[in-house]
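Based on the sequences and whatever the hints tell you, model everything.
2 protein chains.
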Amino acid sequence: MPAPRTLAQQLASRQREISVAEFFERNRQILGFDNPQRAVLTAVKEAVDNSLDACEEAKVLPEIRVEIAREGVDRVRVAVDDNGPGILRREIPNVFGRLLYGSRFHANRQARGQQGIGISAAVLFAGLTTGRPARVTSKVAEEEAAHVLEIALDTQKNLPHVVSEDLELWDRPHGTRIELLLKAKYVRGRQSPFEYLKNTAIVNPHARLILLEPDGTKATYERVSSEVPAIPHEVAPHPYGLELGELASVLKASGRPTLSEALTRDLAGVSPRSAREVLEQSHLPARRPPSSLNGEEVERLLAALHGASLLPPSTEALSPIGGLLIKRGLRNVLGEVRPEFFAPPVSRPPRIRGGFPFLVEVGLVYGGNLPPDQPVQLLRFANRVPLLFQQGACAITNAVQGLDWRRYGLEQRGGSGVPIGPCVILVHVASTKVPFTSEAKEAIAEDPEIDRELTLALQASARHLRTHLSRKARRNFASEKFAIILKILPKLAEKTSRLVGEPVPDLTAVITKIMDVVHVETAVAPASASGRCAAIQVTNYTPRARLLELFVEMPLELLAKARFSPEPAGVDPDLGRAWWTLARLAPSERTPVRVSFPEGQDVEWADLDWYVAGVDEGHLLGAEALPGDWEVRLPRAVIEAAAEDAGSDEAEGEVDYDAAEAGAKVGDDE
Amino acid sequence: MPAPRTLAQQLASRQREISVAEFFERNRQILGFDNPQRAVLTAVKEAVDNSLDACEEAKVLPEIRVEIAREGVDRVRVAVDDNGPGILRREIPNVFGRLLYGSRFHANRQARGQQGIGISAAVLFAGLTTGRPARVTSKVAEEEAAHVLEIALDTQKNLPHVVSEDLELWDRPHGTRIELLLKAKYVRGRQSPFEYLKNTAIVNPHARLILLEPDGTKATYERVSSEVPAIPHEVAPHPYGLELGELASVLKASGRPTLSEALTRDLAGVSPRSAREVLEQSHLPARRPPSSLNGEEVERLLAALHGASLLPPSTEALSPIGGLLIKRGLRNVLGEVRPEFFAPPVSRPPRIRGGFPFLVEVGLVYGGNLPPDQPVQLLRFANRVPLLFQQGACAITNAVQGLDWRRYGLEQRGGSGVPIGPCVILVHVASTKVPFTSEAKEAIAEDPEIDRELTLALQASARHLRTHLSRKARRNFASEKFAIILKILPKLAEKTSRLVGEPVPDLTAVITKIMDVVHVETAVAPASASGRCAAIQVTNYTPRARLLELFVEMPLELLAKARFSPEPAGVDPDLGRAWWTLARLAPSERTPVRVSFPEGQDVEWADLDWYVAGVDEGHLLGAEALPGDWEVRLPRAVIEAAAEDAGSDEAEGEVDYDAAEAGAKVGDDE
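From first to last, the protein sequence lines are chains L and R. Heads up: the first sequence begins at 112 in this note's numbering, then just goes up one per residue. Heads up: the second sequence begins at 112 in this note's numbering, then just goes up one per residue.
Certain hints may be false.
[Claimed, not checked] DMTMM-like cross-link-like pairs, simulated, lysine to aspartate or glutamate; straight-line CA separation at most 20 Å:
| id | chain 1 | residue 1 | chain 2 | residue 2 |
| --- | --- | --- | --- | --- |
| 1 | L | 294 | R | 410 |
| 2 | L | 296 | R | 557 |
| 3 | L | 294 | R | 408 |
| 4 | L | 294 | R | 560 |
| 5 | L | 363 | R | 265 |
| 6 | L | 294 | R | 407 |
| 7 | L | 294 | R | 354 |
| 8 | R | 363 | L | 133 |
| 9 | L | 583 | L | 407 |
| 10 | R | 294 | L | 354 |
| 11 | L | 268 | R | 133 |
| 12 | R | 363 | R | 377 |
| 13 | L | 268 | R | 128 |
| 14 | R | 170 | R | 427 |
| 15 | R | 296 | L | 410 |
| 16 | R | 294 | L | 557 |
| 17 | R | 329 | R | 560 |
| 18 | R | 294 | L | 410 |
| 19 | R | 294 | L | 560 |
| 20 | R | 268 | L | 410 |
| 21 | L | 296 | R | 562 |
| 22 | R | 268 | L | 133 |
| 23 | L | 294 | R | 558 |
| 24 | R | 296 | R | 265 |
| 25 | R | 294 | L | 133 |
| 26 | R | 268 | L | 720 |
| 27 | R | 296 | L | 557 |
| 28 | R | 363 | R | 408 |
| 29 | R | 294 | L | 407 |
| 30 | R | 296 | L | 326 |
| 31 | R | 296 | L | 133 |
| 32 | L | 294 | R | 377 |
[Unchecked claim] Short, incomplete list of chain L residues facing chain R, as computed with Cβ under 10 Å:
| id | residue |
| --- | --- |
| 33 | 123 |
| 34 | 125 |
| 35 | 133 |
| 36 | 206 |
| 37 | 216 |
| 38 | 228 |
| 39 | 242 |
| 40 | 256 |
The set of hints was computed from the structure by calculation and includes no laboratory data. Quick caveat: nothing in here was measured; it's all calculated off a predicted structure. Ideal Cβ placement from N, Cα and C applies to all residues, glycine included.
In structure tokens:
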């Protein structure tokens with residue numbers, strides 16, 4: 112071997128600093144620019160995510176337009192513009208022409224962009240493949256002209272280079288537009304901008320999104336909600352899961368005069384009382400300046416914090432989609448497949464992971480025109496952004512594959528892996544810091560805490576599915592039975608009447624008696640100046656008198672504005688429920704209930720779910736039986752006592768079907 | 112909404128630069144530090160990869176020792192030391208305490224570490240979780256003491272901080288040692304340092320690796336090759352797949368006086384002749400200084416280069432493992448499962464992707480004690496480093512799943528997905544720039560070029576498997592037949608002899624006749640001072656005279672040193688083959704062949720494969736029939752003419768088995 116001294120010196124002479132832009136230029140696949148098709152999607156995605164973030168911060172209902180045009184054989188022009196607040200002239204170069212530069216990295220709140228890499232990476236890729244600078248237009252207020260800058264990224268220095276600059280009139284009152292020329296390929300498909308915008312619309316129902324494709328096709332996703340989501344607040348890091356070095360940084364940067372103040376103000380979840388306990392346990396005086404702690408003391412403090420019982424994480428930093436909008440978003444986009452079942456969306460309470468709060472939401476849709484023999488469609492989202500790539504590397508996929516879906520009514524080979532069935536599962540992970548597997552932000556890294564929450568949320572959704580499927584099986588049986596009765600009885604009556612030479616009698620009462628159901632019917636009046644109104648009719652088509660309880664469940668924001676007639680017996684504003692004890696209903700009797708909302712209220716009647724107690728689910732049509740874990744308001748005994756048979760003998764109305772010519776055998780399954 | 116001007120200003124005031132170390136501290140999952148278990152593996156992996164790279168550069172046979180010890184409840188101490196060239200004192204802080212700093216990023220040749228991130232990331236993680244600096248020991252030559260430095264990483268500045276410094280005596284003549292204290296968890300399992308070192312040993316058979324686990328267990332992987340792989344040369348980027356921006360950078364940095372010189376010297380594969388053609392086609396004068404080209408001219412030049420027919424990529428920058436070592440590495444590590452079949456390893460020629468050469472190698476092992484009802488075991492490697500995480504996100508996995516393995520004899524549901532069977536598939540991707548999906552370097556990104564090569568290599572391996580499986584089926588049938596004959600004949604003879612009152616005759620000749628095979632037998636002499644020697648015996652146990660050709664195939668480096676007796680009829684040093692035309696063999700005749708190697712030659716007899724032409728594979732034991740695509744050296748007619756029946760009637764020796772008492776029916780399947 113050569114003398115090692117020489118070798119070590121040779122090696123040393125080659126040591127060099129690597130610019131972060133050089134690094135990503137060489138490793139552009141890490142940023143999502145692996146291939147010509149993905150490059151278009153990544154560029155669109157980074158621009159649209161920034162637009163949505165900016166609009167949300169400005170409390171503007173987003174109106175975003177994406178234009179994609181082919182140029183030559185292998186180039187694509189991408190332009191994205193928005194009605195956001197715009198970007199000040201002096202910040203434009205750095206925002207678009209410098210990696211690791213941004214406003215959201217140091218803020219501990221949920222945002223789509225967090226890294227300060229995305230859009231500059233697209234500019235880097237454009238420069239690398241076509242040599243063309245990005246063209247950025249930005250306007251910050253109605254009276255001004257827009258700034259138009261051409262920006263390139265200097266890879267060796269990771270700094271922006273302004274190629275040209277101009278002022279221009281722009282009809283947007285304010286907003287930002289970016290235009291890029293990329294070496295890329297536009298294909299419509301499973302991982303295309305088309306799909307990305309469709310999925311973005313599901314979880315951002317307040318946005319209006321327009322896509323112009325190279326062939327001139329225009330796709331518009333209209334908003335189905337006109338409320339801008341509340342801006343998540345920045346919160347201090349929570350001590351649970353915080354690492355030593357992070358706590359040390361918090362204390363160093365604190366600036367508070369005393370340790371006890373730093374604990375309660377610079378950390379989340381620490382009350383003055385727990386601060387006292389923690390300090391006592393770590394043998395640290397409350398009045399010490401926080402920056403004076405040495406390594407060993409910070410270690411003691413962290414151990415005490417991890418052992419203390421602190422307040423749970425606040426949801427303020429998070430912006431969940433919410434059950435109502437998940438359902439509406441899915442309905443809006445999946446309209447054409449007419450699913451038979453939208454499971455009540457599941458939102459888990461926020462948890463802490465490495466000091467950062469996160470929460471999981473799951474929506475599930477079943478049936479209709481969804482393909483029954485294909486793997487279920489999994490829609491993955493992180494901070495309201497669709498994840499279209501690297502499904503196999505994602506914690507969401509792993510959680511879905513890890514569940515035994517056979518127990519919930521879907522096919523699954525061997526009880527693990529992606530289940531088979533006419534089903535769409537939407538999973539949203541929201542966090543102030545989503546742990547992505549790479550800068551391309553396409554997959555969530557494995558994490559025991561996140562996995563646990565994902566599994567719990569998926570199980571809850573799956574249970575809804577199981578309930579639906581077993582109800583459907585029962586209901587199918589019941590309606591088949593009724594169909595047969597309605598077909599046979601008139602024939603029987605006609606034949607018998609002919610035989611005995613009498614006129615055919617009116618069968619309504621008999622049929623009613625045999626149908627044996629309580630029917631809940633909703634009639635919706637069209638929206639009027641005085642508001643929107645629905646009339647509910649509960650009819651007792653059973654041969655016994657019934658004392659029934661009627662429940663309605665709806666999103667909390669709707670319940671707050673709902674007017675009822677008659678007045679409900681009770682309202683639970685936290686659970687979003689109201690209920691009535693209906694007057695005792697004799698057979699064939701009915702009772703009305705009215706629900707109305709003030710003018711302008713955005714309401715979808717399908718968002719109101721109706722439940723009935725006092726009759727089992729086999730004898731209920733148009734509403735669901737009260738879920739097992741809901742509290743019945745009337746004592747069971749009272750309900751039972753109120754019910755009495757209409758006739759002296761319930762069997763009176765029975766017909767000997769075996770004797771009927773139809774030959775169909777129908778048993779009484781009560 | 113609030114005045115947008117104010118908002119844009121508010122947003123602007125929050126814009127900040129993000130240090131690359133801050134970024135990775137927050138996104139440590141990207142570097143492979145997601146959870147306590149993976150943290151240990153990642154730290155070990157980064158240190159060992161660096162050690163292997165350094166030893167290779169110094170042409171030292173690596174001797175690497177990994178010590179892992181538990182400390183307290185949730186901490187693990189990791190120490191890795193090597194016998195590499197060591198690191199100069201002045202470079203130690205930057206190498207271990209600064210992200211994006213290194214010697215291999217700008218070199219266009221294959222190396223394990225390329226990013227200048229790995230080991231500094233481990234130091235960052237140690238500081239973050241335990242507050243302890245890394246302890247680095249380095250010695251660059253025998254006569255000096257070792258430098259011992261404690262190094263921490265300043266996250267906000269991404270700069271090293273030397274906490275303490277000392278000199279120490281160290282018994283290693285030269286080398287590097289790093290010791291880290293991490294918040295982590297040591298578990299032995301599928302994704303553990305134990306597994307990582309085992310797999311590292313497979314693809315680095317020249318390394319000696321020692322692992323000391325927390326419970327005191329010591330695992331040693333001895334080297335099975337004593338040759339340090341050749342150091343890959345740096346090569347210039349190849350124009351195929353090069354992007355505009357990259358070509359512009361090459362020209363700008365060139366320093367050559369003329370464009371034509373820059374094309375032939377700063378790019379790979381461009382001959383003076385193709386340079387002339389390219390310049391002509393792009394209407395550029397050959398004498399222009401390369402840095403004087405404007406964007407539009409570079410574009411023209413690139414288009415001409417992409418259209419030109421250039422020389423193929425050189426393999427000099429790559430360090431494939433090679434067929435011999437893949438087989439040996441697998442045998443060394445899989446020894447205990449005693450696989451029945453090692454497919455001849457497949458090495459694809461190098462290709463170009465984005466200007467960088469890459470190649471794919473595949474090894475396949477079948478049977479023995481491998482579990483027959485489990486998914487095949489996939490061993491993924493990139494630049495001789497095992498990939499243990501993110502299997503689902505890796506191009507290698509996708510290529511394996513995309514192949515229909517049912518056509519090659521493995522089970523696979525629906526013809527896609529991971530196949531089922533007693534099989535290990537090793538895939539190695541070597542490149543001067545492996546496109547990893549993230550900085551954790553655990554999965555290779557999807558790429559059409561790489562996917563194509565992976566598929567071709569896997570198909571070639573799979574064809575070997577199919578051949579083996581069908582041969583095995585035939586051989587099983589043949590040996591069952593022989594077993595029956597050897598059992599029945601003596602009984603028949605004994606009974607018949609007793610009946611006719613004669614002594615039992617000698618059956619050898621008859622059995623030989625019935626066996627009807629050519630047998631190739633290898634006897635190996637123990638290594639002696641004069642070298643190593645094997646005697647091959649070819650026996651004609653068929654009832655006909657045979658003119659046979661004998662072929663041997665072996666690794667090229669062995670063939671170069673082999674001595675044969677008798678002299679072979681021919682040697683093909685490129686294909687690694689030698690062959691003999693054997694003297695005409697009468698029934699029961701045999702002929703010997705000797706192979707010997709000089710003293711000290713590292714040879715494994717199982718690396719020599721024997722083939723025979725002149726008899727079909729149904730009548731061959733101990734060697735394989737000549738593969739269909741090999742050239743037979745003698746004309747078929749000569750072989751046929753030489754063969755004649757031993758007796759006047761071949762049926763003479765036949766026995767009417769139906770008459771025998773054993774009742775087993777054995778037909779002649781010739």
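Run through the hints listed earlier and report the numbers of any the structure violates, in increasing order.
Numbers 9, 17, 20, 24, 25, 26, 30, 31, 32, 40, in rising order.
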